[in-house]
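S.K.: Residue numbers (our numbering), protein chains in the order written: chain V, 1 to 491; chain A, 1001 to 1264.
Derived by calculation from the structure, the hints in this document are not laboratory data.
Just so you know, even glycine gets a beta-carbon here, dropped at the ideal spot from N, CA and C.
Mixed in with the good hints there might be a few duds.
[Claimed, not checked] Quick look at which bits of chain A chain V covers, simulated, 3 or more residues with Cβ under 8 Å: (1) 1111-1118; (2) 1188-1201.
[To be verified] Okay, the calculated beta carbon distance ranges per label pair: (3) A:VAL1135 / V:ALA82: 27 to 37 Å; (4) V:PRO8 / A:PRO1043: 19 to 29 Å; (5) V:GLU188 / A:LEU1206: 27 to 37 Å; (6) A:ALA1136 / V:LEU90: 53 to 63 Å; (7) A:ALA1203 / V:GLU188: 22 to 32 Å; (8) A:ALA1203 / V:VAL61: 14 to 24 Å; (9) A:GLY1111 / V:LEU112: 43 to 53 Å; (10) V:ALA16 / A:PRO1042: 44 to 54 Å; (11) A:VAL1155 / V:GLU110: 44 to 54 Å.
[What the hints assert, rightly or not] Residues of chain V clear of chain A, computed beta-carbon distances all greater than 10 Å: (12) GLU80; (13) ILE97; (14) ARG124; (15) ARG164; (16) SER186; (17) ARG246; (18) GLY292; (19) ALA296; (20) VAL302; (21) THR316; (22) GLY423.
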Amino acid sequence: MTRVSALPVVVAALLAVVTAGIALDDADPASPLRHLFVLPIVVGALASGLRGAVLAGTGVVVLFAPVVLPDVERHGLTAEVAEALVTLVLLLVLGGIVGALRTQTRRQSERLALLLAVHQLLARDDAIEVLLRRLRALLLARLGIRDAALVLEDGACASATGERAQPGSLAAEVARTGRPVFLADSGERALPCRVGAVALIGAGGPVGALIVEADELCAADRADLVTLGAYVGLALENARLAARQRRAAEELDARVAEATHHLQEIDRAKSTFVAIASHELRTPLTALLGFGELLATRQFPVGEVHRLAGIVHRETQRLVRLVDDLLDLSRLERGAAPTLRRTALCPARVIEGVAELFRHAGPRLVVECAPAIGDVDADPDAVDRILKNLVSNALKYSPATAPVHVIAHHDGPRHVRFSVEDGGPGIEAAALPHVFEPYYRAPGAAGAAPGSGLGLAVVKALVEAHGGDIDVASEVGRGTRISFTLPRTAA
Amino acid sequence: MWALRHAAATAAVPFSAGWSEARVVTAACAAGGILAAGGVMPPEAAAVVGVAAVHGGLLAVALLWNGGPVAEAGVAIALLALARGLTALHPAGAVAYLAVPAWLGHLALAGRLLHLGLGRPWPWGPVGIGALAGVALALHLVACASRTLGYAIGVDPDVFLTAFAYDLGANVVSAELFFRGALLHHLWRRWSFGLALAGASAAAALRYCLDPFAATTELRVGAAVYMTMLAILNGVLCRWSGSLLPGLVAAAIFFACYRLLARG
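Start from the sequences, fold in the hints, and give me the full structure.
M.R.: See the structure below:
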């Protein structure tokens, strides 16, 4: 609902009352009632500034003219008429001064209110594009202008239609040079349209431009716009810095949280590892202790002694493997690469050697080696450990009847790819990225079979020490394939 | 937004833009006016030439200055000359003056006078305010004229209708279209509205002060005062509403009241 101002009615009523009083007083131009014209003039000036004073003053002149002019016509410029005219002039001057002061005061308070509103708006935690849109809406509401646009040097822009400043346009030039430009008319509309373009000045120079289109842009308006541009520029720059700091703090928080979580995971994994390692160490030690005691305290037939010695030997090897893994891991955590003694190896022989080691698995272990595959340049012990680890895992986590494939084939001209595939329960997708991490054991693995969580971490380190790569693919319920590459010997 | 697409240099429009044809018409009309005032023609012919040169000239220049075709300017001059000629033959011929606003109304309805501030949508609210302002100014005129110069309301209806038809068809239309529609807009595009209004209003008042029909000093003073006030009023109405129509209505009402005055 449109709010109708009561001011024009009040001023008109005051004018009418005073004029009627003078008319009733024989329409005498020297009537003391003429001094009451000060009321509509001052009311108009106080309420609407200079514009109100001019309108009220015009009303006084128009209404007083029929009183003064007949007297001038009849008697000429008498002292009474001159006094009335002087009174009129003084009232108009008074109205002008009061109106000008009122206008200036109002402009000053509006300017301060606008700057405060801009400051509050830019203190919000919003994206820069959102801030620009809100700032544009604020300027449209407060400045009484037709249109406004804000352009930043990084291309961000807020305009009515969303259009951006074209290269070479007035907006782009002002944003580049920092010099304000004011045009009397754009020539684009039926009615004249003033254009003002002022730079948004940051600490290091222009950071953008504020463009306004208005019915009028007087000298005071232009000065205000330049000040506003400087203020908005600094405020925008501060807002951007604050936003950047907030983002940096948030990123830092996230990183700290991630690192803390990671450390907690490692700590938990180490605790788990200590428990597992204790168990893994205790098992062969218990066997060694038991069978050693038996051999030391009792007499056995030769065949039985050989059997017990074989058990002692296997358990000792298991213990050695575990200690080797621990030593390798310790070296890796210190950042030292494993020491390799590289030589030319035949992949087929390596695979067959490993298959021989696991011959107790019987026909489950299927070996496939592409013909004429060539030799790889690798450390025999390291490759042996890699394959033993992978095959051992595959057999350990697969059902007793599921086959395990050990495959070697070409992988481009420079590498040979080895793959170990099992038909086990598979690994969940979420666990796959972690399977090569030290101490990590996939959910369900701990209960399925004994293990330290070190094997795959050591395997990965050994493969990478050769300049190869390793990856894992798995599907729950279908099985897992771990494949790695080793470099071929130079031809 | 203009400033996002254009360079500053493209905004500069010379004051004389659109003057190539208007210059010729201005020169021709000035020559016609001088001839009419110079007494070298028979009085009736001089009256026809004078109306065509002054009112037709103002109207034609207003149309041409804002990019209208030469033919429309020619029609304006021809219609005014025809109306003055018919009036010379018989007072009722003054009705022919109404052909000018009718023709301009047709152009406005066709959207060809938008650049002069005439066309849809019609601002009926400001038109009402313009009518009230015209009435107020006319009442002031009547009050002052009756108190100072001894005028009173009362005039022969035939004389009134002839004079009012002339005002409506020639005087008001040509003054509003030229001084507000063309001159004020062109000045306003370069200066602040206050300065432009002062310039256009001074030009309008000067035109009435130089009118040969304002023979006496009191008429010239009256013309200067009231035409200035009317020009300011109509300029403000034009800016407020963006249309010439409220000013046209105010001026028509004012001149109607002026024509009602007769020496008592």
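S.K.: For ALA1203 of chain A and VAL61 of chain V, compare the CB-CB distance with the range 14 to 24 Å and indicate the outcome.
M.R.: holds (22 Å)
S.K.: Taking C-beta pairs only, is THR316 of chain V more than 10 Å away from all of chain A?
M.R.: holds (83 Å)
S.K.: Please confirm whether ARG124 of chain V is truly not at the interface, meaning its C-beta sits more than 10 Å away from all C-beta atoms of chain A.
M.R.: holds (25 Å)
S.K.: Can you take a look at whether the stretch 1188-1201 of chain A is actually covered by chain V? Rule is 3+ residues, C-beta closer than 8 Å.
M.R.: holds (count 6)
S.K.: Please check whether ALA1136 of chain A and LEU90 of chain V have a Cβ separation lying inside 53 to 63 Å.
M.R.: violated (26 Å)
S.K.: Could you say whether the range 44 to 54 Å given as a hint is met by the Cβ separation of ALA16 of chain V and PRO1042 of chain A?
M.R.: Holds, since ALA16 of chain V and PRO1042 of chain A (Cβ atoms, about 53 Å apart) stay within the stated range.
S.K.: Given the hint of 19 to 29 Å, check if PRO8 of chain V and PRO1043 of chain A actually sit that far apart at their C-beta atoms.
M.R.: violated (50 Å)
S.K.: Just double-check VAL302 of chain V for me: nearest Cβ-Cβ distance to chain A has to come out over 10 Å.
M.R.: The claim stands: VAL302 of chain V keeps its Cβ more than 10 Å from every Cβ of chain A (closest is about 102 Å).
S.K.: Between GLY1111 of chain A and LEU112 of chain V, is the Cβ distance one that fits in 43 to 53 Å?
M.R.: holds (46 Å)
S.K.: Please settle this one: ARG246 of chain V was flagged as non-interface, so is its CB more than 10 Å from every CB on chain A?
M.R.: Non-interface label stands for ARG246 of chain V: nearest chain A Cβ at 30 Å, farther than 10 Å.
S.K.: Beyond 10 Å from every chain A Cβ: check whether that's true for SER186 of chain V.
M.R.: violated (4 Å)
S.K.: Would ALA296 of chain V pass as off the interface with chain A, using Cβ distances and a cut of 10 Å?
M.R.: holds (97 Å)
Comparing the model with each numbered hint stated earlier shows that hints 4, 6, 15 and 16 do not hold.
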